[in-house]
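**Student:** Protein chains in written order, with our numbering: chain E, 25 to 448; chain F, 612 to 1029.
None of these hints come from the bench; they were simulated from the model. Don't take every hint at face value.
Footprint (simulated), chain E over chain F, 3 or more residues, beta carbon under 8 Å [claimed, not checked]:
| id | segment |
| --- | --- |
| 1 | 649 to 655 |
| 2 | 731 to 739 |
| 3 | 982 to 991 |
| 4 | 997 to 1007 |
Being a predicted model, the structure only gives us computed values, none of them experimental. For every residue, glycine included, the Cβ atom is placed at its ideal position computed from N, Cα and C.
The chain contents come next:
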Amino acid sequence: MRSIDDFSRHLEQVSPMDRHLRQVIRRWAEAEVIPRRREFDEDWKEHQLIEPAFHKLMVELGLQKALFPESLGGWGLGHSDRVFNIIYAIAEEVGRADTGMAVAATVTFWPLTFILVEPAVNWRLARHLAPLFCEADRPVFAALAMTEPQGGSDIENMGVLGGKTIRTTARRDGNEWVVNGHKLWPTNTGGVADLIAVVCTTQKGSSDPNDLALIFVPGDAPGVTQGAPYEKAGMAADKNGDVWFEDVRVPLWYRAHGPGADAAVFRAAIPGGLIGSMGFLTGALLNLHERLDEFVTTRTYANRPLKENDAIAGVIGRIAGDIDICRILGHEAAQMGDRRNSPNGEALSSEPLIARLRNLKDFISDRTLEAFERSMDILGPYGVDREWDIEKHWRDVKMVQLWMGGKQLCQMEAARYFFNCETL
Amino acid sequence: MTDRTDWSHNATMLFPPPPRTMIPEEAMSMADLVRSWGRREILSSRLAYRERYGELFGDRLSTLRSDLGLGDLLLPEAQGGLGLNTSRMAPGAVTILIELARADASLAFVFALEYALEAIVAIEPHVDQSCCDLIANRSQHGIALALPGAGVIGEEASLFRGKVLGAHIEHSGSKGRLSGGSLRVFGASAGKGTLLVVASSTDNGRPCLALVDGQSKGVTWAPRLKTTGLEAIPMSDVMLEGVSVDDSRLVAGGGPLSTLVVWLDLLFGAVSLGAAMDFFEILSRWSDDRSIKGREKLKENPLCAALLAQVAGEIAASTLLLYDLAEMVAEDPVGERRAPTERLFAFAQLLGARIQRGAFTAIDRGLELMGSAGYAKEWHAEKHWRDVKTIKTLLCGPGGEVPAQLDGARYFFGIEKV
């Protein structure tokens, strides 16, 4: 009998800890998430069911300290040559259970990559923040606050705009930064952010990379207001809301690095977001296979199993084929990230790498949504029944397709890179 | 260049209008009334409607039945209907449902089910007085429908075009006993007066539709299920154990069941299209004040403009196809056996699927452009995305579009064994 582990990936690139890590997370998922996830949508505001599952994953299994160096109580993933493959494995295994949880858990890593991943480690901030994550007895969430009301994908469009649309400002006042602005939609806000990395400018309207600043702000600092979470089509375990910064003061050393370096690590963090996104998607696809297989094996058309009808087999065969292809591509994407320090690799902030990864994320997103849509159709009235889990995944993964600039930014960056466009 | 200022964001003005020559004046007036009502009662206060949906839905439904007279549209006058019970009402029913679905797809869905059932038992010249009385006299609890569906491995069952007839009637004299396990029903829940309409097989394995009271002895309802969209439309599983059914409550033969499928293809298409039209208006307003790259109006960007055009194109194409199908339904000769022609059935299946795909694609692509605004409930766009997907999936049934494709292949290519 085939299982989800029969879907392809480059086994020679898999990290030695991959198998063990996946087994641990899979056991957690089977025990803590899969039996309860059908109730998660109604739990979007209170997280009464969701929070205990987070606690097990992030505190008891220790996921929230994974990026911190061992010397500071973490797992040391920040120094690993396979950090992206490992994060991919985590994203995929948690995503198989619930995409929202995968997003919330791994996006906590995302702003921490600015200061914990070689070679851009900020030891002062690392030492200061380590106790928050490594010694906590509750889940701790970090958010990356990028998007602003006036423009969705513009802030990420660094190649063309260089941050000139950013309106959230960081003004130096003595030994402090004073942050003012309004951000929308960061994952892990809506009242849950313990730490927020804010993408600011020190000079409004500037496209000079020296003026982009990444400032860490405690989620409960005076002047920080986290609005209530948005009610969404899915992704209940991931809270998103407005965040306002009104004269928020933090020490100068709360800046990730400094002029120029902040823009570089911000750009270098984009691949992490894209690779993680692909992991969420292939994780959901693996669970799709499990549930779809059960349905087409046990239910009939013309008194034969659905899967034994040639025409239906054609549809589900294509679905399985797409899952396999997406998994190969997703793992290759992770490998592209891990190649960053090798002679064959490209720097994380490089245009070629980002363009390719955006392209892959766009491709996998589209195939994922198609696979879910066709599967829901195959199931008929069971396809929209939450008891079969497929429709929930479908709602959840739609958000993955929409974020990080969405399809249009992906298409433009791919065109820019592959066709040397000059005016896009 | 035509000045479209007055039409901005207005789907009624921008998309192909209903073909008025095909639609009775009463139906056009009703559609205009429903449009105004929808704007006033629902669209002008969307947030409040969403927040108090459980409370307001039933209230709005009652108003539509009693004050606007939408209930029993296709019933004969003798049963309190408007006397528009001919297949020529198909385009009129479509137009009314489109306007209602623009306000709320679930409201339109309720009436689509009713009209589809009325089409089987009330359309001239095959008026089934007993069934018409039954429909007219039921309470407000609606219709729950169990269509042919997926079978269970190890259980051999009678089929309707490949799909399992989940219930079976054993006859004794003029009464039958209806039994069937775990039938998936949608449309209404267990409640006094709910009419349960079950696609069944008779003693000789032939299809029929059984109309039973949802609270009859032997009917067991499982708890209501959570579904993707159409939040106001219940779905659950029902067990039937020896439910007594009088012959007068049976609509026998594959013809009526085929007619039901044809009208569902048509009327569910109208519901999805109405939802897509409202989505168009939401997208149009949203795209008006969004910018891209810090300076450019989003819709003036060629890439975004092309995508917006795709949205509009899908809706326009689906509109034309829907009215073409309505015209085919209106003109199809209703034969001795109350069956649609094979031609109509094939077209209904293929076009029904195509219309659903078009409506869904329009909303799906538009949602992608809207990004987070499309995904958040406060913009009311994601509701249409979930609703139309739900309608499409319910209409397809198990196997997805494959059974409809096979129906088409049978007609167009004379295929016999599939």
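**Student:** Run every hint past the structure and note whether it holds.
**Tutor:** To see whether the hints hold, each was checked on the structure:
no.	hint	in the structure
1	649 to 655	violated (count 0)
2	731 to 739	violated (count 0)
3	982 to 991	holds (count 7)
4	997 to 1007	holds (count 7)
In this structure, the hints that do not hold are numbers 1 and 2, in rising order.
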